[in-house]
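Participant: Each chain is listed here by its residues.
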Amino acid sequence: MTSLPITLTINGHRHELEVDPRVTLLDLLRERLDLTGTKKGCDRGQCGACTVLVDGKRINSCLALAVSHDGAQVLTIEGVAHGEELHPVQAAFIAHDGFQCGFCTPGQIMSTLGLIAEGQAGDDPERIREGLSGNICRCAAYGGIVEAVLEAQQQLAKADRRTAA
Amino acid sequence: MTLELSLNQQPAHARQGSSIGQPLTRRDGFLKVTGGARYAADNHPPGMLYAVLAVSSIARGRVAALDTEAAKAHKGVVEVMTPKNRPALAIDPDAKDNPFMFRLDLLQNDQVRYPNQSIAVVIAETLEAATEGAALLSPRYEALPARVGLDGAKSFVPRGVGIGGPAVQHKGDVETGLRSAKTRIEATYETPAQYHNAMEPHAIVVAWDGDRLSIDTPSQGLAMAQGRIAGLFGIAPENIHIRSPFLGGGFGSKGMISGPQVLGILAARLVGRPVKLVLRREQMYGPVGHRAPTRQTLRMGMDGEGRLTAIDHHARTASSTFDDFFEPAADASHTLYASPAIATSHDAVRLDTGTPLFMRAPGEATGSIALESAIDEAAHACGMDPLEFRLRNYAEVEPMTGKPFSSKALRECYRQAAETFGWASRPLQPRLMRDADGFLTGWGMGTATFPALMFQAEARAVLRSDGSGLMETGAQDMGQGAWTAFAQIAADGLGLDIDRVEFRAGSSDLPNAGIAGGSGHTATAGMAIHNAGAAVIARLADLATGNEASPLFGAGNEGVLARGGRLYRRDDESRGESYAEILMRAGLTEIEAHGKGAPDPASQETYAKHAHGAVFAEVKVDPDFGQIRVTRLVGAFAAGRVINPRLVRSQYYGGMIWGISFALHEEAITDRRSGRIQNANLAEYHVPVNADVPSVEALLVHEDDPYVNALGIKGVGEIGITGTAGAIANAVWHATGVRPRRFPIRIEDLLG
Numbered sequence: 001m002t003s004l005p006i007t008l009t010i011n012g013h014r015h016e017l018e019v020d021p022r023v024t025l026l027d028l029l030r031e032r033l034d035l036t037g038t039k040k041g042c043d044r045g046q047c048g049a050c051t052v053l054v055d056g057k058r059i060n061s062c063l064a065l066a067v068s069h070d071g072a073q074v075l076t077i078e079g080v081a082h083g084e085e086l087h088p089v090q091a092a093f094i095a096h097d098g099f100q101c102g103f104c105t106p107g108q109i110m111s112t113l114g115l116i117a118e119g120q121a122g123d124d125p126e127r128i129r130e131g132l133s134g135n136i137c138r139c140a141a142y143g144g145i146v147e148a149v150l151e152a153q154q155q156l157a158k159a160d161r162r163t164a165a
Numbered sequence: 001m002t003l004e005l006s007l008n009q010q011p012a013h014a015r016q017g018s019s020i021g022q023p024l025t026r027r028d029g030f031l032k033v034t035g036g037a038r039y040a041a042d043n044h045p046p047g048m049l050y051a052v053l054a055v056s057s058i059a060r061g062r063v064a065a066l067d068t069e070a071a072k073a074h075k076g077v078v079e080v081m082t083p084k085n086r087p088a089l090a091i092d093p094d095a096k097d098n099p100f101m102f103r104l105d106l107l108q109n110d111q112v113r114y115p116n117q118s119i120a121v122v123i124a125e126t127l128e129a130a131t132e133g134a135a136l137l138s139p140r141y142e143a144l145p146a147r148v149g150l151d152g153a154k155s156f157v158p159r160g161v162g163i164g165g166p167a168v169q170h171k172g173d174v175e176t177g178l179r180s181a182k183t184r185i186e187a188t189y190e191t192p193a194q195y196h197n198a199m200e201p202h203a204i205v206v207a208w209d210g211d212r213l214s215i216d217t218p219s220q221g222l223a224m225a226q227g228r229i230a231g232l233f234g235i236a237p238e239n240i241h242i243r244s245p246f247l248g249g250g251f252g253s254k255g256m257i258s259g260p261q262v263l264g265i266l267a268a269r270l271v272g273r274p275v276k277l278v279l280r281r282e283q284m285y286g287p288v289g290h291r292a293p294t295r296q297t298l299r300m301g302m303d304g305e306g307r308l309t310a311i312d313h314h315a316r317t318a319s320s321t322f323d324d325f326f327e328p329a330a331d332a333s334h335t336l337y338a339s340p341a342i343a344t345s346h347d348a349v350r351l352d353t354g355t356p357l358f359m360r361a362p363g364e365a366t367g368s369i370a371l372e373s374a375i376d377e378a379a380h381a382c383g384m385d386p387l388e389f390r391l392r393n394y395a396e397v398e399p400m401t402g403k404p405f406s407s408k409a410l411r412e413c414y415r416q417a418a419e420t421f422g423w424a425s426r427p428l429q430p431r432l433m434r435d436a437d438g439f440l441t442g443w444g445m446g447t448a449t450f451p452a453l454m455f456q457a458e459a460r461a462v463l464r465s466d467g468s469g470l471m472e473t474g475a476q477d478m479g480q481g482a483w484t485a486f487a488q489i490a491a492d493g494l495g496l497d498i499d500r501v502e503f504r505a506g507s508s509d510l511p512n513a514g515i516a517g518g519s520g521h522t523a524t525a526g527m528a529i530h531n532a533g534a535a536v537i538a539r540l541a542d543l544a545t546g547n548e549a550s551p552l553f554g555a556g557n558e559g560v561l562a563r564g565g566r567l568y569r570r571d572d573e574s575r576g577e578s579y580a581e582i583l584m585r586a587g588l589t590e591i592e593a594h595g596k597g598a599p600d601p602a603s604q605e606t607y608a609k610h611a612h613g614a615v616f617a618e619v620k621v622d623p624d625f626g627q628i629r630v631t632r633l634v635g636a637f638a639a640g641r642v643i644n645p646r647l648v649r650s651q652y653y654g655g656m657i658w659g660i661s662f663a664l665h666e667e668a669i670t671d672r673r674s675g676r677i678q679n680a681n682l683a684e685y686h687v688p689v690n691a692d693v694p695s696v697e698a699l700l701v702h703e704d705d706p707y708v709n710a711l712g713i714k715g716v717g718e719i720g721i722t723g724t725a726g727a728i729a730n731a732v733w734h735a736t737g738v739r740p741r742r743f744p745i746r747i748e749d750l751l752g
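Here the protein sequences come in this chain order: A and B. Residues in the first sequence are numbered from 1 upward in steps of one, following UniProt numbering. Residues in the second sequence are numbered from 1 upward in steps of one, following UniProt numbering.
Don't read these hints as lab results, they were simulated from the structure. Beta carbons are placed, not taken as given, at the ideal position from N, Cα and C, and that holds for glycine.
Stretch by stretch, here's where chain B covers chain A in the computed footprint (C-beta under 8 angstroms, at least three residues):
(1) 17-29
(2) 41-52
(3) 76-89
(4) 101-108
(5) 130-139
Facing chain A, according to a computed beta carbon distance under 7 angstroms, are these residues of chain B, among others:
(6) G248
(7) Y653
(8) I657
(9) V689
(10) N690
Please model the entire structure based on the sequences and the hints provided.
Facilitator: So this is what it looks like as structure tokens:
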């Protein structure tokens with residue numbers, strides 16, 4: 001296959017790449033850029049383990065061809081914390097035991113970030129459950145995930161109020 | 001939750017004393033929420049190639065042709081491995097010398113014995129080229145008719161079920177018991193084939209260096225995997241290094257090394273370069289095990305007071321045509337309900353499927369849903385409340401053997417769960433409750449149980465002159481929290497604050513921690529850790545009590561306590577000194593000792609050892625469309641000593657949600673004509689998502705067990721499924737008046 005040139009900004013770093021048009025964004029991250037935090041659970045858009053934010057929106061990176069996102073801003077799990085300082089969503093996942101094996105966790109967290117940005121779930125657990133139902137957790141840590149999202153939203157809202165003041 | 005968080009937020013040194021029992025958050029939490037935890041497929045040694053399996057699209061027959069030339073001609077493809085060029089093995093992959101050795105499909109011939117069996121491996125410079133190469137093979141087959149379903153072949157009585165238990169057992173005479181009964185029930189229940197579907201597909205990254213092997217692959221049993229690979233390749237086990245620090249779920253499917261993993265090793269040998277092989281999701285429906293389907297018939301007799309006079313539990317199950325694993329479903333009736341006569345029996349058919357395997361609560365989960373449904377039917381037939389009926393038939397000793405229980409706080413589980421759930425206001429008759437929206441509402445219950453098993457494990461403990469400690473064991477964390485719980489046991493065993501303990505696990509070059517399975521890993525490896533800690537403390541105490549310069553001189557080994565990095569005289573705690581002082585005086589930088597964990601044969605003989613629990617479920621059913629929702633689950637479990645309540649609760653939640661899945665979601669559907677699985681993907685093979693799980697509560701019931709092991713640990717990983725699935729089925733009956741007899745429960749079974 002003839003490779004095509006693309007530019008992606010991933011976690012704030014600009015990458016100029018030559019990419020086989022068959023390569024998915026997920027495989028590009030994992031196999032070429034050593035950003036292996038994003039996981040492949042099904043490669044068919046059915047499990048959500050590969051969720052990343054592209055231009056601020058959550059997508060299944062296994063269903064996205066890298067070449068079709070030329071110029072995009074990509075945020076992966078590796079770009080969420082600031083060094084040792086965890087994002088409130090990450091900290092809340094630990095505090096509420098929102099994972100067991102951890103394989104779906106990067107996707108759950110990226111999906112949570114997307115959900116919060118969408119501003120649709122509020123503090124309604126039922127809407128959070130619905131909004132995160134594209135992310136399967138076979139260990140079934142769902143209760144902890146919902147608690148974590150509720151707490152993280154509160155923390156973020158508090159931080160926003162402080163910033164505003 | 002508030003209390004737990006406040007406890008957890010205190011620094012470790014402020015907690016004082018025991019780490020065991022503290023609801024610590026996961027020690028691997030930071031890695032897991034930042035993407036820093038490296039699972040097998042995240043590795044990428046230099047020069048690595050990608051291997052992709054081509055799998056059979058027929059269930060039975062032979063591969064007549066493969067277009068290897070087309071695959072090889074594709075740019076980037078390096079090699080195609082088929083039966084013709086597959087490197088030799090030291091033993092036949094179909095050889096079997098113990099029940100834990102499963103026959104593997106390693107391209108030994110052109111035969112196809114189940115769908116999704118590996119028929120070739122394409123190795124390429126990129127994943128895309130390997131994937132396309134595999135598609136270009138365009139296999140042609142000579143197919144034979146597939147044997148499908150529990151009536152698809154002639155049945156027979158297997159020599160053993162589960163891990164070699166007798167297929168047929170009885171005590172007393174069930175026919176006499178049934179004849180003498182005032183009330184009788186008989187019912188048949190069907191459970192489907194289920195696939196583990198861990199989120200992490202089986203993956204292997206392999207590099208050969210001469211006859212040495214370096215492997216990253218998820219394994220629930222590192223030493224067993226090492227031994228199996230050593231046998232297949234004719235190399236020494238110590239030349240094989242397997243790393244499995246994190247499993248992306250296992251549930252039994254990563255207990256044994258599977259055929260595709262070994263094919264990755266063969267592919268690396270063939271091309272002389274490191275290779276990564278990752279199963280595609282649909283390829284997990286065949287070569288990596290599944291839970292076999294069952295059809296179970298229960299007959300029960302009850303006297304005028306609702307006491308059981310007989311339980312007869314028969315299970316039909318299935319294995320593959322070429323290997324043996326028989327789901328021991330009927331054995332669920334051995335342990336829960338008192339009856340003068342109990343008979344359990346199994347028969348089986350051989351089908352064109354991959355070999356079934358242990359899947360979370362193998363036998364217990366399948367058996368429990370049938371037994372708990374039948375008990376509910378029996379209670380109703382006697383006009384009794386299901387809880388009252390279970391208490392009337394409460395087993396004071398293990399029914400099948402007559403052995404006393406090492407501990408059994410089931411009555412307390414019933415009490416706490418019933419009270420929390422609000423069971424007392426339940427109407428006896430079905431179809432009497434509706435919610436404000438008009439949904440039929442039902443309440444059901446089930447009893448949970450799982451044996452307290454132990455295997456064999458070893459650990460190595462080290463105390464260092466800087467006052468820190470090290471504990472090593474090749475334990476496996478598939479999500480249950482081994483990294484944390486074992487560090488807690490290690491901290492107490494070493495008499496150190498947990499912050500001072502380095503804990504190493506997940507690698508085959510560490511002492512053999514046995515298998516993470518059978519809900520026995522925490523007890524088994526935990527006891528090895530505990531004993532290694534005690535042994536190294538004893539060595540340290542020897543150094544101190546034998547030295548005149550020590551304040552502990554003359555105290556004797558029995559006369560010292562270890563806590564917070566210091567030894568104290570038991571009779572005078574004002575006299576003590578730090579580990580560092582003792583080691584430095586002796587001129588040692590460190591001392592080490594080993595410990596083992598194993599079941600105690602004497603208590604094994606004397607006591608029946610099981611964890612117990614009670615699960616209560618509420619369901620709501622749409623009266624017009626039959627749609628079912630589990631709106632509430634409350635479980636109470638007694639499983640001996642709790643190492644970490646936060647992690648244990650998560651195990652119960654997970655198990656209980658697997659119970660929802662068993663009752664309402666999971667089923668692999670086989671096409672009757674082709675023998676292929678029609679829904680081999682996560683869109684059509686349904687597992688619960690977040691929206692399926694509104695409210696789950698797990699209560700931890702206190703239980704001291706002095707007999708299971710010195711730590712008093714039972715196991716918590718599997719018990720949650722048992723009881724739960726039946727409780728949901730019983731709640732569906734209570735809501736609708738329709739008794740579910742096949743699982744998952746279908747809307748159409750509730751209509752009409």
